[in-house]
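Asker: Read off the chains here:
There are 2 protein chains.
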Amino acid sequence: MTISIAHLGPPGTYTEQASVVYINWLTKSTGVEAMLSPYPSISQSLHAVADGQAHLAVVPAENSIEGSVTTTLDTLWQLDNLRIQLALVLPIVHTLISCASSLDKIKTVYSHPQALAQCQGWLERFLPTVEIIPSNSTTEALQRLEQETTMAAIASSRAAQLYNLPILASGINDNPENFTRFWVVSQGEMDAAYQVTKAPASHTSLAFSMPANTPGALVKPLQIFAQLGINLSRIESRPTKRSLGEYLFFIDVEADANQTHMQSALTELSIHTEILKIMGTYDVLPVSAF
Amino acid sequence: MTISIAHLGPPGTYTEQASVVYINWLTKSTGVEAMLSPYPSISQSLHAVADGQAHLAVVPAENSIEGSVTTTLDTLWQLDNLRIQLALVLPIVHTLISCASSLDKIKTVYSHPQALAQCQGWLERFLPTVEIIPSNSTTEALQRLEQETTMAAIASSRAAQLYNLPILASGINDNPENFTRFWVVSQGEMDAAYQVTKAPASHTSLAFSMPANTPGALVKPLQIFAQLGINLSRIESRPTKRSLGEYLFFIDVEADANQTHMQSALTELSIHTEILKIMGTYDVLPVSAF
Numbered sequence: 036m037t038i039s040i041a042h043l044g045p046p047g048t049y050t051e052q053a054s055v056v057y058i059n060w061l062t063k064s065t066g067v068e069a070m071l072s073p074y075p076s077i078s079q080s081l082h083a084v085a086d087g088q089a090h091l092a093v094v095p096a097e098n099s100i101e102g103s104v105t106t107t108l109d110t111l112w113q114l115d116n117l118r119i120q121l122a123l124v125l126p127i128v129h130t131l132i133s134c135a136s137s138l139d140k141i142k143t144v145y146s147h148p149q150a151l152a153q154c155q156g157w158l159e160r161f162l163p164t165v166e167i168i169p170s171n172s173t174t175e176a177l178q179r180l181e182q183e184t185t186m187a188a189i190a191s192s193r194a195a196q197l198y199n200l201p202i203l204a205s206g207i208n209d210n211p212e213n214f215t216r217f218w219v220v221s222q223g224e225m226d227a228a229y230q231v232t233k234a235p236a237s238h239t240s241l242a243f244s245m246p247a248n249t250p251g252a253l254v255k256p257l258q259i260f261a262q263l264g265i266n267l268s269r270i271e272s273r274p275t276k277r278s279l280g281e282y283l284f285f286i287d288v289e290a291d292a293n294q295t296h297m298q299s300a301l302t303e304l305s306i307h308t309e310i311l312k313i314m315g316t317y318d319v320l321p322v323s324a325f
Numbered sequence: 036m037t038i039s040i041a042h043l044g045p046p047g048t049y050t051e052q053a054s055v056v057y058i059n060w061l062t063k064s065t066g067v068e069a070m071l072s073p074y075p076s077i078s079q080s081l082h083a084v085a086d087g088q089a090h091l092a093v094v095p096a097e098n099s100i101e102g103s104v105t106t107t108l109d110t111l112w113q114l115d116n117l118r119i120q121l122a123l124v125l126p127i128v129h130t131l132i133s134c135a136s137s138l139d140k141i142k143t144v145y146s147h148p149q150a151l152a153q154c155q156g157w158l159e160r161f162l163p164t165v166e167i168i169p170s171n172s173t174t175e176a177l178q179r180l181e182q183e184t185t186m187a188a189i190a191s192s193r194a195a196q197l198y199n200l201p202i203l204a205s206g207i208n209d210n211p212e213n214f215t216r217f218w219v220v221s222q223g224e225m226d227a228a229y230q231v232t233k234a235p236a237s238h239t240s241l242a243f244s245m246p247a248n249t250p251g252a253l254v255k256p257l258q259i260f261a262q263l264g265i266n267l268s269r270i271e272s273r274p275t276k277r278s279l280g281e282y283l284f285f286i287d288v289e290a291d292a293n294q295t296h297m298q299s300a301l302t303e304l305s306i307h308t309e310i311l312k313i314m315g316t317y318d319v320l321p322v323s324a325f
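Each protein sequence line maps, in turn, to chains W and F. Heads up: the first sequence at position 287 corresponds to 322 in our numbering, and the numbers run straight through without jumps. Heads up: the second sequence at position 74 corresponds to 109 in our numbering, and the numbers run straight through without jumps.
So that you can see chain W by itself, here it is in the shape it has in the complex (with noise of 0.2 Å):
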């Protein structure tokens, strides 16, 4: 059996990398294979498991430097069959990449917006003239920079390998603590040939938006379950876009939605909630599996 797996492209990026290391362990886990299916955006892939034209998805869901994925979070709260299930935590070491026979040679650098953020200070002191040009993913400048040699781009080391380009800097983000949270995402529930995950999982993610449209009525959500003892590892809001002032809160708690006191959790939830997800309820890969 060969599954295919969306993620964001072209071939290089860190959520293909997060793609490659899922792809091993459930290989040598289940004996099934995966094949890697590149789209231009994140929603795109989330999409195609969305419409049944990829098996899984993996996308990023946060940086310990830049915060949030926000258009994952958007695309999960607006697409109603499908659910986390596995998270996995990927090192980010940056490097850059260029063609160019010095740094001093170097007039523009290219990469995702949350990549060059999260070099800020390594540019400024390196290449204080230079153009930064945002761009759509880490690799999507890459294929240009054997034509152009005064261009550069912030892509991982394996990018580097794979486009066969020479590394002028390596490890250049400014903070080395940083890493970036995956998602594994199917369609309901995951098919039982490449289920891993057993019962009960560590972590269950939730989000939902509030009737009273306040964040002060927050404080109840939070109550229902610092009661019970259930440990919350994250909370993030975001707009209801409907008008300004009015949020979603997304909530990453660590318990098992089909254990007893997160059962009653919920049902206490539902009733101070306007609308309750349940985006998934599943386990970390291990470190031993990369």
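Be a bit skeptical, because a hint or two may be false.
Output of the computed footprint for chain W on chain F, the stretches with three or more beta carbons under 8 Å from beta carbons of chain W [claimed, not checked]: (1) 100–109; (2) 254–263; (3) 268–275.
Derived by calculation from the structure, the hints in this document are not laboratory data. Glycine included, every Cβ here is placed at the ideal spot set by N, Cα and C.
With chain W fixed as given, assemble chain F onto it according to the hints.
Answerer: Chain F alone, transformed into the frame defined by chain W:
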């Protein structure tokens, strides 16, 4: 007296438009004149105030569709000597600007990632095959449109007027309820010569980190405000940038920081937080000022 207002440039951005609204109101209220100082990034416009190069900065805080402007929050957290002095809310109406004779001649569309995201549906419907290219601001690409007639940009109608460029389509944002909240920021307390707001102010913006490092601990700060009957209008989490899963919280409350019940809340809050910053206590510019 003439003061300088730092804002995201080049001229014609929505932030410049908000600055002009503010300046008109300021001059009418106090007689103080102001000149515009465009900067290539939001972060640089805030640093200009922190370093004393500009008197005030106008920066976007959040949009009703795309959410928080994270670079504004992160820079305000880093810079200790800045204070929010006023908020103003501007409706956002995007137009497609191009020298192309018709829509089908357009091959590339440039704009700020937030504007591109806000017009995604329109672009998919009317320009499904064009290449979408993110830029540092809505107006960055405008100077090149006259030479390159297959190029278009998404910006305000005011920007089209400023650059004397044709508008091919108006009101192209997917959601007509599109508003951005801006903040006027000064170094410490605002100079009395251009301080218009009178106590009590309607809003206070706070930011804090938690010693326990878990969002679950957020229930206590929310309870403090709930018990004192202080309404919260917004909660935002941002990474501490130290470690994945560690967050800062940005909270807007509907009270003046100097009122008695807010003083009690802040005293109690300081016990439960690691670093607590009062980013400003301020009013919202009335619509009648526009």
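Asker: Evaluate each hint against the coordinates.
Answerer: Tested hints:
1. With 5 residues having a Cβ less than 8 Å from any Cβ of chain W, the stretch 100–109 of chain F passes the three-residue criterion, so the hint holds.
2. Here's how the stretch 254–263 of chain F fares: 5 of its residues keep a CB closer than 8 Å to some CB of chain W, so the rule of at least three is met and the hint holds.
3. Given a C-beta distance limit of less than 8 Å, the hint that chain W covers the stretch 268–275 of chain F holds, as 7 residues qualify and 3 suffice.
Checked against the numbered hints given earlier, the structure satisfies every one of them.
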